[in-house]
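S.K.: Each chain, written out:
Number of protein chains: 2
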Amino acid sequence: MTKVPTSFLLTDLYQLAMMQAYHEAGETGTAVFEFFVRRLPAGRNFLVAAGLEQALGFLENLRPNDDELAWLADSGHFSRDLIDRLRTFRFTGDVHAMPEGTVFFPDEPILRVTAPLPEAQYVETRLINLLHFQTLIASKAARMVQVAGGRTLVDFGLRRAHGAEAGLLAARASYISGFSGSANVLAEQMFGVPAFGTMAHSFVQAFDNEPAAFEAFAKARPERLVLLIDTYDTEEGARQVVALAPKLRKLGIEVSAVRLDSGDLGALAKSVREILDAGGLSNVTIFASGGLDETKIAHLLAGGAPIDGFGVGTSLTTSSDAPALDCAYKLQEYAGQARRKRSEGKATWPGRKQVWRRVDGAGTMVGDIVTTEDDPQEGKPLLEPVMRDGHRLAPPTSLTAIRAYAAEQIESLPEDLRGLEKAPPYEVRISDSLRALAAEVDRFIDRAMAPP
Amino acid sequence: MTKVPTSFLLTDLYQLAMMQAYHEAGETGTAVFEFFVRRLPAGRNFLVAAGLEQALGFLENLRPNDDELAWLADSGHFSRDLIDRLRTFRFTGDVHAMPEGTVFFPDEPILRVTAPLPEAQYVETRLINLLHFQTLIASKAARMVQVAGGRTLVDFGLRRAHGAEAGLLAARASYISGFSGSANVLAEQMFGVPAFGTMAHSFVQAFDNEPAAFEAFAKARPERLVLLIDTYDTEEGARQVVALAPKLRKLGIEVSAVRLDSGDLGALAKSVREILDAGGLSNVTIFASGGLDETKIAHLLAGGAPIDGFGVGTSLTTSSDAPALDCAYKLQEYAGQARRKRSEGKATWPGRKQVWRRVDGAGTMVGDIVTTEDDPQEGKPLLEPVMRDGHRLAPPTSLTAIRAYAAEQIESLPEDLRGLEKAPPYEVRISDSLRALAAEVDRFIDRAMAPP
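Here the protein sequences come in this chain order: A and B. Numbering follows our numbering, in which position 277 of the first sequence is assigned residue number 303; successive positions increment by one, without gaps. Numbering follows our numbering, in which position 426 of the second sequence is assigned residue number 452; successive positions increment by one, without gaps.
It is worth saying that the hints were derived from the structure and are not from the lab. Just so you know, these numbers come straight off a predicted model, no measurement behind them. Don't take every hint at face value.
Which copy? The list can't say, so a pair holds if one copy fits it or any two copies do.
[As the list claims (entries may be wrong)] Derived lysine to aspartate or glutamate pairs resembling DMTMM-like cross-links, with alpha carbons at most 20 Å apart:
#, residue 1, residue 2
1, K273, E241
2, K406, E434
3, K276, E447
4, K273, E262
5, K245, D110
6, K273, D107
7, K322, D352
This is chain A alone, in the form it adopts within the complex (with noise of 0.2 Å):
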C-alpha cells in the first residue's frame, strides 16, 4: 500500500471557484503547468526531487465521493452546474516529471502537467502539497546522511512532525535519501521503511531501579537489544549495562547498543565507549539522539566522538531550518500560446520545459541546462513521460530502487556542493530557445496590457 489517504474537498476554495468560471467561459482547452522551486533556501546548494509516487497516486485516484459532492452542493459555494460536473470528474491528463531522487535545482521543473484548464488547475493545491513536502524533507535528509559518513541515520521525528502524514512521508523521504530506517511502525506497513525502536525514559522510571528495567526490557525484546542509559545518569548507565552484560549473557542475550539522549553528547560518549570497552562490551555500539541535525552531527564526529549511530527527530521531519521551500505550480502554456507570469519578483520562464544534465567522465555533473521542450542538447534530458490520459505509464518504482538512485544523484554531485558549507552555485543555464519564448510571451503581454 502507497497511497495516503486524502479528500476531494482537501483543496482551495479558489480551485472550484476558478473551475466553475473556465466553464463558464468556455475555457477548457489544453493547459500546462510546471513545479519547480524558485530558491534554494540559505546555506543550501541542492534539492532532491521526492513526492511523485504519492502525486500520481492522487491524480489516478481523483475523484469526489457521494459525501464530498452532497457536502459541495449544499454548501452554497458553487452553481448546480458545476457540481454535475463534479459527478464525473477524472483526471485525465499527461505528466512528465524526473524520477524520484533525482537532484535538482532552482527554475528546473520536476513535474509537468498537461491536461484541460479545468483540470491542470484543480489539482495545483494537493500537488504542490504532497511535491513539496517531500521534496523538502528529502532534500533535508540528504545532507544528514553525507554528514554522517556510512553511520546509522534512523527518522525519530513522528511526534513532532507536522501531523500524521508529515510523519508519515518524512519517514518516506528520509529513507530516499539514505537514512536506514524510521520509528514510525506505519512507514513500514506502507512502504517499507525499516522500522527500529529502542526504549523510552519513561520505561526507565516505571522500574525500582536502572538495572531492573534493563533486564525486563532485554528479556521481552532479546533481538537487537538497545539500552537507554541517560534516565538518571549517562556513565552511571553505562556501568550497570556492564554489570548486567554477564547475567544476560547466561540468558542467551547480548546488548547491541547503548542509547545516549541529552547531555554534552561527544564527551558522554568517549566516557562511555570507556567505560564499555573497559567491560569487555567493545561490541556494544553507541547511538545517540537528543535535538541532532545535520550541524551537530559534524560536530561531534569532527570531534571524535566513537558514535556509531544517530536518531534524528524533530530537525528532520520539520526541516527545522527551512520548514518550506519557495515552491510554485505555474501556468506556462494554455490553448497552444505560451504563458508567463511576470508579476514583481515572481516572473518565471514560460512554455513546456526540458532540463538536461552533462556529466565528466568520472560521472560528476558538471553543469545543466533548461530549454523549450523541442530543444535537445548534449547531456540526459531529466523530465520523462509517466502519466498519459490519467494512466501510469509504468507500474511505481520500488523504494528500494529509488533510494539506490538517489545516493548515485548525490554521489555525482561535485563535491563542494555536498557539504554543508555554501559553495559557489551549480551551473543551471537558461538556453537560447527559452530566452527567446520569453521574449515573444512579453510582446504577446504587452499586447494584452495596452489601455482598452
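With chain A's structure known, arrange chain B on it following the hints.
M.R.: The following block gives chain B in isolation, referenced to the frame of chain A:
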C-alpha cells in the same frame, strides 16, 4: 465530523516494544503522564493550547483493525502474546486537560493521562503529534491576530503545509486563535472553518487580457468578488478594475475587493487605494498576500498601508520562525509513586500537577502557580477532567465557543506579552509542595542508582 483519519500503526516502534515488555514484566499499574512545553520559542511570550478535541477523538477510537493486527502479527517484531492482547486493546484511562484556547506557559502541563502503564505509554506518540502541532499553529496565529488589529486574516497555507493533516489542522488552529477562515475547503466541511477564496494568476493568464479574465470571473462568481490585480502590473490592474466596474454594475455585480500578491505591498496598496478612490471605488477593499508573516504585517500597518485584510500561508502553517515546540509527554507517577527524569537539561517536575491562575480586578492575568494536584491556591485551576475510563465527560465544545474563549484568554494577557517583541517573562511559580515532592523523588532515585 471532527475526527481525522489515523491508524493504530501510526506510532513509534518502541511504544509497542515497551508494551510487550511491560506485560511480560507485569508492570501494568496506573501511570500518570503529563504533556507540557519546556521552553518558549525564541522571541515568544505565550502559547495557546489546541488539539485537545483531536486528542480525545484519538483516545476514544483507539483500537487496531483486523488488517493492522494481521500486519503486526506478520511483521516479526512482536510476541504472539502481545498480538493477542491487542485484539481487545482500547484506552481505558482518565484525562485532565486545559480547555482548547487556554493561554499557557512552559512547565505547565496542558494534558494529563492516568491509565494502566501500557496504555498510557502507547498513546504518547500520536498524542504529542496532535497536541504539539495545533498548539504550535494556534500560538503563531495569535501573534498575527494581535498585529492585524481586527482586519481579516485568512489561512492560505495548505499547499506548503507539511501534508494533508497539517493543512487541515492548521486551518482549525488558526481559526481558534482568531483568523476569519481558511482557503481550505475540507476545513469548512470537517470543522466549520469558513472557506474563503479569490482567483489565481493562472486564471488571469488563461485569458487574452486581464479585463477579459476579470469579467469572466465576475460573471461566474459575482458574490464577494475579489479580483487579483498583480499578474502583469499591479497599478495597471487597478485601472482595469476601475474601467470594468461600470460594465459590471450594469450586470448587478459589485467588486468587493482587489488582491495584491507581489511587489512592495505597502507602496502598491497606497497607489491602488488612490486609483480605486479616484475611480469611484472607495468601497472596494484591498486584500494582500505573498510571503507575509506577523512582522511584515506589523510593518505594513505601521507604515500606513491601506490594507483591509491579509492572506497568510507558509509562515502560518509551518510556524516558520519556530517550526516545532520543545515539548514532552513524561511519566510523572507510577504505581502511586511520583517519578522524575533527571537527564541533563531535561529534568522534570514530578507528580500529578495543577496550574492556578490569578487575575487582577480588570481581568488581566497576574501570575500562575504550578502545584501538586491536591494543593489548592488562590485563582482558577486550569486543568479539568475531560475523560474518565476512556469516555468523554462532555460532548465536544463547538469551535465557535473555543474561538471565543481563546479571544478572552489572549485579551487577558498583560499588554506587553501580546506584542511581537520579547517581554519580561510572565510569572510561573513552582509551589513549595511541588519542590518538596521533587526532593523526595530525588532521594528515591539516589537509592535506585546506588551501586548494586
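S.K.: Determine for every hint whether it applies to the structure shown.
M.R.: Hint by hint, here is what the structure shows:
1. K273 with E241: within (9 Å within a copy, 82 Å between copies)
2. K406 with E434: This pair counts as within: shortest intra-copy Cα distance 15 Å, inter-copy 60 Å.
3. K276 with E447: neither (50 Å within a copy, 61 Å between copies)
4. K273 with E262: Classified as within: same-chain Cα gap 18 Å, cross-chain 82 Å, threshold 20 Å.
5. K245 with D110: Classified as between: cross-chain Cα gap 19 Å, same-chain 62 Å, threshold 20 Å.
6. K273 with D107: This pair counts as neither: shortest intra-copy Cα distance 75 Å, inter-copy 25 Å.
7. K322 with D352: between (26 Å within a copy, 17 Å between copies)
The structure fails hints 3 and 6 (numbered hints given earlier, in ascending order).
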